[in-house]
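Undergrad: Going line by line, the protein sequences match chains A and B. Under this note's numbering, the first residue of the first sequence carries the number 1, and numbering increases by one thereafter. Under this note's numbering, the first residue of the second sequence carries the number 252, and numbering increases by one thereafter.
These aren't lab readings, by the way, just hints derived from the structure by calculation. Take these hints with a grain of salt, some might be off.
Unchecked claim - Simulated restraints, written as ranges between beta carbons of each label pair: (1) A/Arg31 / B/Ala327: 53 to 61 Å; (2) A/Gln167 / B/Asp302: 16 to 24 Å; (3) B/Asp328 / A/Gln167: 20 to 28 Å; (4) B/Val255 / A/Asp70: 41 to 49 Å; (5) A/Lys171 / B/Ala317: 14 to 22 Å; (6) A/Gln195 / B/Asp331: 42 to 50 Å; (7) B/Glu399 / A/Glu217: 52 to 60 Å; (8) A/Lys171 / B/Arg395: 50 to 58 Å; (9) B/Ala327 / A/Lys65: 36 to 44 Å.
Stated by the list, open to error - Cross-link-like lysine to aspartate or glutamate pairs, in silico, EDC-like; alpha carbons within 16 Å at most: (10) A/Lys171 / B/Asp322; (11) A/Lys171 / B/Glu599; (12) A/Lys171 / B/Asp323; (13) B/Lys258 / B/Glu599; (14) A/Lys171 / B/Asp588; (15) A/Lys248 / A/Asp118; (16) A/Lys171 / B/Glu357; (17) A/Lys65 / B/Asp588; (18) A/Lys108 / A/Asp70.
We put the beta carbon where it would ideally sit given N, CA and C, even for glycine.
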Amino acid sequence: MYQIAVYGKGGIGKSTTVSNIAAVLSGRGLRVLQVGCDPKADSTSLLCGGQPAPAILDLLREGKKNLQPDQIIKTGFNGVLCAETGGPAPGRGCAGRGILTAFEVLKKSGAFDACRPDLVIYDVLGDVVCGGFTAPMRGGFARQVFIVTSGENMSIHAAANIGLAVQDFQKRGYASLGGLILNRRDVKNEDAKVQELADDLDTEIVGSLPRSSLVPEAEERRQTVVQAFAGSPMARQYEVLAQAVLEKTGL
Amino acid sequence: MRQVQVKKCTCTADVSGVCSALFELGGMVVIHDPSGCNSTYNTHDEPRWYDRDSLIFISGLSEMDALEGNDDKFIADIEDAAGSLHPAFIVLVRSPIPMMTGTDFEAIAGIVQEETGIPTFYVPTDGMHSYIEGAGRALEEIVRLAPEIAGKMPQEPAAVPKRDLADRCRSGVNLQIGTDGRRLRVNLLGVTPLDFSIGTSLLSMKEFLRQAGFDSACCLAMDTGLPEIAAMGGADVNLVVSTAGLPAARFLKDKYGTPYVVGMPCGFFSKVLAEQLHRAAAGEAGGVCLLPDPGIKPGEKSYIVGEPVICSSIARALALESGNFYPRVICPIQVPDRLRLPDVIYAESEEELEPLLGQAGVVIADPLMKTFCGRGTLFIHLPHEACSGRMFRAGIPDLVRDCPQRILKAPVWRQMS
């Protein structure tokens with residue numbers, strides 16, 4: 001089992017990218033588990049026809065105890081295994097603590113032993129805003145972190161912060177930086193800006209995705225591009241990216 | 252309102268359970284907590300605190316350090332203290348605040364170990380579970396790591412400010428492995444003052460083993476040292492005398508195949524227990540012997556309240572001695588499902604305790620539990636350090652030698668019988 005985590009600025013397209021990668025790799029015969037780490041609990045929505053896996057924290061809130069794998073994992077498109085940590089209501093509680101609790105439940109439930117995934121992908125909310133959001137990159141979880149970014153300044157700024165956090169935590173034995181995923185917004189000098197960031201972080205651009213109208217169209221259908229527009233040029237782009245990520249894992 | 256404790260005193264919590272389990276082993280216990288005073292964890296229910304040196308520290312976590320996740324200061328303080336004291340090992344213990352902020356203790360332990368060269372581990376407490384959970388985890392972990400830690404210990408005593416600790420840890424002088432090669436060697440597991448205080452109970456358990464023809468190998472973890480713990484895998488059978496010893500017993504069973512028996516010797520039950528030890532050592536019942544069925548029905552509305560293994564053993568001793576009457580066991584302490592025994596009523600909340608004890612005919616329990624009993628209840632005192640701390644320490648009996656007889660001689664017991 002190899003585990004990776006995907007971070008990036010809110011709204012940059014992490015869940016869409018991760019879901020498409022998961023769909024491609026699962027379609028190739030890998031057992032892939034996608035874990036959404038966001039209080040909104042919608043990471044796996046596109047894989048599950050708009051009905052994502054039940055959020056672990058929602059189940060805890062309902063008083064359910066000793067959660068079992070079949071209670072927290074839902075099988076989505078192409079057989080991708082889907083889970084969502086969930087979190088507190090907006091403006092309440094502590095989302096970071098929520099992630100940590102959900103991770104404890106995930107481990108304790110025996111989900112990894114029961115599902116035996118080849119690849120686990122953690123789709124993590126926005127920035128590494130507190131200790132709880134480092135949970136996916138801690139010992140025993142992801143071994144590599146990938147950061148989704150565009151050439152927009154705010155996105156690059158967020159990616160730089162995440163990259164520095166990953167480097168800072170190296171001493172703790174956390175995940176290493178696997179590379180950047182460029183999700184184009186077609187801003188000026190986009191390639192050069194993201195390449196500069198990669199150089200600064202001593203990493204590489206693992207893959208890049210063009211801007212495509214097929215992405216929002218697929219979202220309208222509550223599907224991944226790989227499902228809604230199989231064989232399209234954009235689906236092909238996701239296949240190339242998935243292959244690049246897979247090669248980084250050594251699977 | 253459910254789960255509110257108005258009458259019931261909170262028993263010792265998991266953090267103190269870790270401290271109690273590791274108190275004598277020459278390791279540095281560091282509690283990451285804002286409290287600036289060790290009494291929060293160690294004085295009220297740690298009888299050794301007053302006349303023995305200890306290596307228990309509290310980090311003094313500040314609001315800003317918690318807010319900023321300033322783990323570097325925590326690490327630096329640990330390494331500074333360790334540099335002066337040269338402990339045999341370092342254990343990090345979590346309190347509620349770093350639990351909430353998600354401090355990564357496993358990573359910090361790894362850094363401290365790498366930078367100091369001192370074996371360092373973490374016990375995942377949160378201050379919200381009972382001492383049984385904390386002590387159980389700590390004892391299991393020290394049994395797991397003792398061979399590695401003992402191997403790294405210096406030949407000369409470390410600069411631990413407690414001479415008796417260092418002496419004990421230095422050369423295994425307390426190792427009591429039999430020399431004739433015929434007597435079975437037995438480890439005692441789960442011995443802490445929280446359940447046995449510092450009276451003569453431990454000596455009596457060792458005397459029981461001697462009289463029953465066994466050699467006592469290691470007592471986890473009082474009057475012992477790391478070399479003895481490191482050698483525990485060489486014993487023939489383990490005797491689990493409290494629930495806190497169960498995780499370590501299971502670990503030793505998995506790793507070395509050592510069979511184990513659950514029960515505390517006392518009164519006529521001691522003879523049964525000795526037979527169980529021989530059976531377990533011979534591999535009967537897969538090498539696991541839980542407390543045997545008393546063979547008669549429990550008395551109506553009569554209860555013994557406290558630690559499950561101890562109280563179940565006393566109840567069986569009473570069954571054997573009275574022949575027709577024994578109390579049911581109620582455990583008011585939080586015990587995780589994986590450590591629960593059959594035939595014990597686990598009643599942690601007041602809602603569960605009140606209907607049982609309020610209607611009881613006879614209750615044997617810590618004096619602080621009397622508040623639950625009705626006016627007609629006949630009450631026999633059995634003080635428990637983890638329940639009332641030092642308040643009734645002088646009244647804690649030798650659980651092995653005196654307990655069943657003391658209860659049998661109590662006028663209220665005779666009245667009930």
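Undergrad: Run the structure past the numbered hints and jot down the numbers of the failing ones, going up.
TA: Failing hints, ascending: 1, 2, 4, 8, 11 and 14.
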